[in-house]
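Given these sequences and hints, build the entire structure.
If you read the protein sequences in the order shown, they are chains B and V. The first sequence runs 374 to 492 under the numbering used here. The second sequence runs 172 to 282 under the numbering used here.
Hints are supplied without guarantee of correctness; some may be wrong.
Claimed, not checked - Think about it this way: if two alpha-carbon atoms lie no more than 25 Å apart in a straight line, the pair counts; the simulated SDA-like pairs of lysine to any residue are:
#1 B:LYS415 <-> V:ASN228
#2 B:LYS414 <-> V:ASP253
#3 B:LYS414 <-> V:THR224
#4 V:LYS269 <-> B:ARG488
#5 V:LYS269 <-> B:SER416
To be clear, the hints were calculated from the coordinates, so they are not data collected in a lab. Because the structure is a prediction, the values reported are computed rather than measured.
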Amino acid sequence: GAVVSQHPSRVICKSGTSVKIECRSLDFQATTMFWYRQFPKKSLMLMATSNEGSKATYEQGVEKDKFLINHASLTLSTLTVTSAHPEDSSFYICSAITSGHLGDTDTQYFGPGTRLTVL
Amino acid sequence: LAKTTQPISMDSYEGQEVNITCSHNNIATNDYITWYQQFPSQGPRFIIQGYKTKVTNEVASLFIPADRKSSTLSLPRVSLSDTAVYYCLVGDFNRDDKIIFGKGTRLHILP
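Below you can see the structure in the form of structure tokens.
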């Protein structure tokens, strides 16, 4: 299957600092990527849809000024958590859509996730 | 709202076949059904995807009835390492539909 990577895999930062998480599609181009966050023993919650070359679309309740998304190329989307606070501590997961390698339809592949801990 | 409903949890034993059913009563004509497996502190891993009837790959089979209002993921001869959360997702990736996760099924394999 297609490979999506994330960097870093885990990060610990102080309250008030900003953290950037990278999501890369390694062997395919993705015009659309998604960002999710996941709390312990909960399902993934969609935060935003990242579109290459245009502004991201945020889900209701997600602050776009706090979670900055930049999809600068067809293989890279970044999520920056600005002025992070302890309540932002979570597991952040990105995904990317790859077209038709299974023959019928596009498929969504996920990155390995980034564990953010804000002290 | 998520388009899917699954059992919250299931238990089974090593070597058994496990079937997890997902309900998606409002599936749209262009929607595909995709199943993912997630281990703790990892991103979801693609298992299988289908549109109708039956799809089989090296790890699982997916059964979809004619009305497509449900689907069943079948895992043959499970092992302890299959203990994970399994998610059924429904959507039209060709339109870059945003995919909303349901609660998933927590599968626990016992020795």
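Hint-by-hint comparison with the structure:
1. B:LYS415 <-> V:ASN228: 28 Å, violated
2. B:LYS414 <-> V:ASP253: 17 Å, holds
3. B:LYS414 <-> V:THR224: 32 Å, violated
4. V:LYS269 <-> B:ARG488: OK: V:LYS269 and B:ARG488 at ~23 Å, within 25 Å.
5. V:LYS269 <-> B:SER416: 15 Å, holds
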